[in-house]
Amino acid sequence: MTDDDLTRLLALDGAPGPALAIDVADANALIEGALDGAGFGPPGGGPGHHGGPGHGGAAGLRGAGSTVRGGLATGTKLAIGALALAVVVVIAVLVLRRSHGTQVAAAPIDAAIDAAPDAIAASAGATAGSADATAGSADATAGSADATAGSADDVGADDDADIELDPEPAHSHKPRPVETREAVDLLGEANAKRAAKQWRESDALYMRAVRRAPHSLAAQTALVASASLRLEHLGDPKGAAARFRRALAIAPDGALAEEARWGLAEAARARHDNAAEAHALDDFLAHHAGSPRAAQARARRAELP
Amino acid sequence: MVSDPRITAAASGDRSAAESLCRELLPRVRNLVRYLVRGDARVDDMAQEALIAVLRGLATYRGEGRFESWVDRVVARSTFATLRRLRAETQPGAEDVAGRERDPGDVTPFEGRRELAAALDRLPGDQRQALILHFSVGLTVPEIAEAVAAPFETVRSRLRLAKAALRETLKGAA
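So the sequence lines, in the order shown, correspond to chains P and R. At position 288 of the first sequence (counting the first as 1) the number is 288 in my numbering, and the numbers step up by one without a gap. Residues are numbered in my numbering as their position in the second sequence, beginning at 1, plus a constant of 1000.
The hints are simulated quantities; they were obtained by calculation from the structure and are not laboratory data. Please read all numbers here as calculations on a predicted model, not as lab measurements. Don't take each hint at face value.
Claimed, not checked - Listed below are several chain R residues computed to face chain P (Cβ distance under 7 Å; list not exhaustive):
no. : residue
1   : Arg1006
2   : Ala1018
3   : Arg1030
4   : Asn1031
5   : Asp1044
6   : Gln1048
7   : Arg1056
8   : Ala1117
9   : Ser1136
Ideal Cβ placement from N, Cα and C applies to all residues, glycine included.
Use the sequences and the hints to build the structure in full.
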């Protein structure tokens, strides 16, 4: 084998191999994470790189979000805040169920965030119970949430344009334990970034956790958490909707299904897409008629054409 | 002079342009990362880190030389930095190969590259990196010496040993 042979054999190109094939959803998530990690603003948000208007990490993003915030109805703010808190409280319930074997209504939010990775590691692969018991407490504290919503630039875009659903059912992939552990570790890191208000860094870590164990409970949690960030802090309701959909696909009847369905309605509302919001609310009520949010959902649905 | 307008646009913060570049570069970046690291487990994470490095460095690309060559060098640097941070390479990828779907139309060239990567997996890390930097990225021996912070003669020795070992492995596999 000559040097020329080696040069030919080891030539770089975009053809398959030696890297394994990557599916479209994973490639999209990888690229999106890279764009976010490099400091690019949300899709449709205009230039935002290296000192641009939308760049600069949390401060810049929060600034961009605040321009939209003022135009939102109070109900939307409350609902988005409820969504974020409900995710946290669901995680807390998982923790406490593991510890005590009984249902507990709520736990201190900080403790819940810190404990979430352990809870998911313990319950990975298992189907969790209803989240109904947690939603009421989330609603009760929603008023204190710092909620923002997405840009109107996203109106009319396809929710699933940036993340395609995996056609394979969730149960067809049993993540290997090491992958789940890594995903859980990443989830913990993401939570820490989120607690430090480093929204983009947190979001990138959540999506990395999704890639590590794409069909696990950790992935579902990471997707819902990422979606909440997109909705509340990153001005990207389109991306939020895509993540909620993917989370729902992992476990349509799982612990976070209610959050995902509610999130879809909120993402549609943030985009001023009445038809999509009505559809999402109908779907929510069909699946979660007993939810503490059901009355709010019905009232909102009645306002829509 | 930068010929591709997407590069300039992305360097100025245009997300669409950056995304377009990433989509085009991703397969190449993943392949280079896989050549550089043992096993498949961390390829995508490292590829993402590398893409971030590329995107952040776009403003420094002056159009001297091919853009892909510049990207390769950034990817190699980023991958080495990640490896140093991890302080360990990943497990051999044999079980990963068995667990993934392949495109039947690409089986032969794909498998050839996988076998090549498996042969590289058996090389010591420093020899492997010298080989890839030379034959894939196109660096000269002095450039490799600078990139890996090793003496010229050491790099030349690593290259010689790597070529000999790879030839032996591939001959045995044939």
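Subject >> Hints that the structure is at odds with (numbers, increasing) >> reply: Hint 1 alone not satisfied by this model.
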